[in-house]
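Student: Sequence:
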Amino acid sequence: MNISRQKKRTRIHNYWIKGRETLLSNLAALLPMSLPFLGCRPFAANLRLTHRCSGRCKTCSHWHQKESHFRELSTQTWKDILDQLRDHKVLTVSFTGGDILLRKDTPVLMRYAKALGFQVRATLNGYSMTEHIAQDLMAARPDDISLSLDHFDEFFSGMRGVANATDKVLQALDLLRKHNLGHTRLGLSVTLMKNSLKGCEDLVRFALEKELFVSFNLIHFTHYFSNTPFSREQYYLSDHELSEIKQFVDWLIGLSRSHSKLLPHAAYLRWIPRYFNDYRQTGTPCLKTMLKPCIDPDGSIRPCCSMDPVGNITHNPLKTILCSPAYLQTATFGLTKNCPGCSCHYSLNLGANLLYRFQSGIRGHEISDTQEQKLPTFFVSFYSGMRHVKNVGELMYQSLLDLSDRLNAMPTDQITTGSRPTIVFQAYSVHLAQFFSSIIHTLRSHDVNMGFQILYHPQFSHTEIESLRRFATDHLGIEPGSITVYPNIPTHSIDLLVCADVYARFPRQTNQTCIIFHGPLLQRRNFKYFPFRKNLYQFDKAIVTGSYDLRLIQKYRAKYRKNFEAVVGGFPYLDTLTITPVLSKMAYYQKLGLDLNLPTIFIGPNWRGLRLFQNQGLSYIKELIHTFRNIEANILIKLHACSYNPHMAGGLDWRESLKDLASQGNIHVDSDPDDKSALMHSEILITDISSRAFIFMLLGKPVIQYFPVSKTWDHWEQSRLAYIKQGSLVAKTTAEIPKLFLK
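For the sequence shown, position 119 (counting from the first letter as 1) is numbered 119 according to this note's numbering, and the numbering increases by one without interruption.
Rather than coming from a laboratory, the hints here were simulated on the basis of the structure.
As the structure is a computational prediction, the values presented were derived from the model and not from experiment.
You may find that some hints are simply not true.
Straight-line distance between alpha carbons at most 25 angstroms, and here's what the computed DSS-like set of lysine-lysine pairs gives [claimed, not checked]: (1) LYS337 to LYS622; (2) LYS701 to LYS585; (3) LYS591 to LYS622; (4) LYS79 to LYS114; (5) LYS198 to LYS210.
Derived DEER-like restraints, expressed as beta-carbon distance ranges [to be verified]: (6) LYS178 to ALA326: 38 to 48 angstroms; (7) LEU598 to GLY182: 52 to 62 angstroms; (8) LYS261 to ASP174: 14 to 24 angstroms.
For glycine and all other residues, C-beta sits at the position ideal for the given N, C-alpha and C.
All chains should be modelled from the sequences, with the hints used to inform the complete structure.
Tutor: Pasting the structure below:
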């Protein structure tokens, strides 16, 4: 019973580690600039024990390298490396070569890895297999062993440079089956390329008959394979052969439904034709550099087999190498696909890539209602939103079509066949207008003739309105004449009115209306009745961040108009961070006079929080600054755009109030309405209930939450505060803030 319970705990622990690192790697893929903050914590490692080989494969360059290429680590050094991998929470190790059977200690290393609790895998060519070696290997109880076999005829021997290569592999397979103690899965590793295509179906049928799992290697031409005697003409597939690949994959997908334990998942198989059409696949970030590094026979570490070494584990600890600028830079190349491109471990990469999994419809990985209840509420909102990243523009376009048809304001066929539809985006500041950029970009991709206008509010200052005008012209591509105030826009000319939050002073209900939120967690003001502006339930459609907001809307459903519809659209502000340009760290630091050698502390209170203090607001800011008097850091004060509007700031002129603070040495004030650069280039955020906290969390950076008068909030704001606290370091007093910062 105890052994069974321990195995269950170990399995749950392993699932947790894999899930955590998979999520972090996906966040890094979404925002590669966040990688230094997220770090690389792999859950697998590829161990090349040797480059020596009994084969002479035409597709490999290792066997004909200089003698210095074959330097190898001792048994004890490899054991020390395995200890480091275990301490670093790595779960799986894969032994590869070369021919790892040319090392006498391979079974010893496998046994040691199993004793440490690793899942152990190995890839063999089988040419050096003997009865004694097979017995030793199976006694080590590895989890998986795959043998390389591409063909049943003499073509395979010619490719591998070994006489009777097929017979030797099959003999090795028989020996392994003979001595298998029932703990090891056996399989075939099949290389798909131009000259092996015709024999692959026979290999798959053979494997299924013998109950062997099948994995596919996709040949590629990175520098890892480029210095081989194998010509490029023997790699490239003609259009006819690409069609054959597609037919072969369709056949495999049909088989995978009844042989799911032996064949790759259909989503992985569908990727194969895509790879051969475009080997770089720039639309699919490579997470392998974060999740499975490669350790060479001499201890050199590569983030990927097709990339150059960035360190040596015999010279520096694994943790130091994974955190080094060289490793992080190379890992970023994989995330952004500024790399040679390859197919190494593509099943691991696709399996960890959440966006690819959702697009490919892998069953069992959509969050169900039951699963949502087991997760922190604020995280569910983010997760549900991230599934739809960069999808808001598509929803907006569909809204234009759906609402036009529903209200008969403009026939759908006119919109799609040449009429110039006009969408008005209502925004009172650059802060809200920022996240329209990704939406407008998507809408323009559907119809280059689509018209856009910005509607602003006359109550705001001339400075704020001018900033909004510049942003809309320079970044949204909207003509100056299309940036105006109601009632200058004729209501009959609008096909869709899109409002940010609830600021929608628009009396005519005949216009199609859509409300969109730039951050998660709806608040009371979204549902409250206002005599001079619309609230949430007076719109035709609402696009919210995630499932948490959707449940709030459903809770108050009785108040909504008959045609009201709410859908999940994701986190548009994240789209903005990934699409619109951000100042480089160097440029941003120079702009504000920040010290590049010091960390930056971002003090960003919510505008409503500051309004509670009235004239004590400046004292509150000074108190926060005072807590860092003994810490060397850049202190960045960046208020919400609303704080610079006297009407919304309780009459306080914050621009004037902050001038004296900005004259002090390490204190800097950023009054630019654009938040993106500050969010990207700050190391830590100190805030109260600002939605910046959620953005910082999704960037993988720490948030310190401090708000001494939270008791003055009603239950809506208290609820929001509670969700922020779930993902933050909470300071009860200002004296705790520097301690949390140093921690």
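Student: Now tell me, hint by hint, if it's right for this structure.
Tutor: Verification of the hints:
1. Straight-line distance between C-alpha atoms of LYS337 and LYS622 comes to about 45 angstroms, which puts the hinted pair past the 25 angstroms bound.
2. Restraint check: the Cα-Cα separation between LYS701 and LYS585 comes to about 16 angstroms, which is no more than 25 angstroms; the hinted pair holds.
3. Annotation: proposed proximity of LYS591 to LYS622 holds, straight-line Cα distance about 23 angstroms (limit 25 angstroms).
4. For the suggested pair LYS79 and LYS114, the alpha carbons sit about 12 angstroms apart, so the restraint of at most 25 angstroms is met.
5. Among the hinted pairs, LYS198 with LYS210 is consistent with the structure: their alpha-carbon atoms are about 20 angstroms apart, no more than 25 angstroms.
6. The given range of 38 to 48 angstroms is respected by LYS178 and ALA326, whose C-beta atoms sit roughly 46 angstroms from each other.
7. Between LEU598 and GLY182, the C-beta spacing of about 59 angstroms keeps the proposed range 52 to 62 angstroms intact.
8. For LYS261 paired with ASP174, a C-beta distance near 22 angstroms keeps the hint of 14 to 24 angstroms intact.
In terms of the numbered hints stated before, the structure departs from hint 1 and from no other.
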